[in-house]
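Trainee: Next come the chains, spelled out residue by residue.
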Amino acid sequence: MGKKMTRQGTNIDLERLEWTLTRFGADFERWPDEERQTLEPLIMSSSDACAMLEEARALDKLLDMAPVAAETAELKNKILDAAKAELTRSEPLIIPFRPRQNLGAGVWRTSWTWPSVAALAASLVFGIYIGANGLIDPALTNGFDVASAEESIASALPGFSFDEDVTLSEDFL
Amino acid sequence: MERAASGDERAFATLVDRHLGPILALARRMLGDDAEAEDVAQETLIRLWNHASRFDRKRARLSTWLYRITSNLCIDRLRGRKVQPLDDVPEIKTDPEQDRSVHERQLSQRMDIALGGLPERQRLALTLFHYQELSMKEAADIMDISVEALESLLARARRSVKRELEPEWKALLPDNG
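In the order they appear, the protein sequences are chains A and B.
So in the numbering used here, the last one in the first sequence is 173, and the numbering has no gaps at all.
So in the numbering used here, the last one in the second sequence is 1177, and the numbering has no gaps at all.
Quick caveat, the hints were computed from the structure, so don't treat them as lab data.
A virtual CB, placed ideally from N, CA and C, is assigned to each residue, including glycine.
Among the hints, a few may not be true.
[As the list claims (entries may be wrong)] Derived coverage of chain B by chain A (criterion: at least 3 residues anywhere in the stretch with Cβ under 8 angstroms from a Cβ of chain A; other residues may be distant):
id, stretch
1, 1006-1020
2, 1039-1053
3, 1065-1074
4, 1146-1157
Could you put together the complete structure from these sequences and hints?
Mentor: Listed below in structure tokens is the structure:
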């Protein structure tokens, strides 16, 4: 392929040049070997080819004006610190078990204040007093069969028996 | 690499020295934002640190593996973004050490916007081949596509950028206008 090319041959080569420039840009070093060997002579001999190359160079130049990221020591240190933190994080995670009695003690301390304890004691004394003195209205217990209730409870709980003093049998305990 | 896989921090520091720059550059080109690019670079290298033992050098080069992780993280972020009006494009941070003219800064910002307007895969193809100067084969491997598909993406990317800049071609490049 010399300087005197047929018009048809030139057009085909120019199309090939355009195909190459559009994909690989204007830097010959980035072209596939075959394209470089075929198209370099064309560029040397054709003003159209030269114009296409210049346009591709201009685009390359503009692309190269895009901002460049600056690598900093600060970023590197941040990454190394994060890697160290990952090492620590990957160690088995041990969650300290909170003893049950501590939890209970906490609840006792926070919930059982002296007014609530006093109210509970007062209600207990009052209950014993009205029970011992027969002050409960008989209407409240009408129709309530205490004996059958005792039987039901005793059959459900084999170790449980009702004595006169309503105590729990030793087996149950 | 084997030492880093066994938890050797100095070996990891050497890998960071070697790979941080290219990874950061790729992320910056893809995301158009310094802070996000730094986040992606950090995430990529921490993944390397955590999963170094999984890397199989028979299957890929380390740089290819890292570029692939970076590319995927960038694409995930791009897909998670809302469409950003051009007015909201962040200002380009300039290095005070560099004495760059106003024209160059404006040009730099203009190119950032032009690249940001490309579909993500075209942008990735252009970034890997033009900016990172990887071979066609390596760029195609990273994107998990054929060389022919990469060529097509590159051609569409360059045509799109050229078409985008055409109205202001002379103003942008007075020496070549």
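Trainee: Against each hint, give a clear statement of whether it holds in the structure.
Mentor: Here is how each hint holds up against the structure:
no. : hint      : verdict
1   : 1006-1020 : holds (count 7)
2   : 1039-1053 : holds (count 6)
3   : 1065-1074 : violated (count 0)
4   : 1146-1157 : holds (count 3)
Of the numbered hints listed earlier, the single one contradicted by the structure is hint 3.
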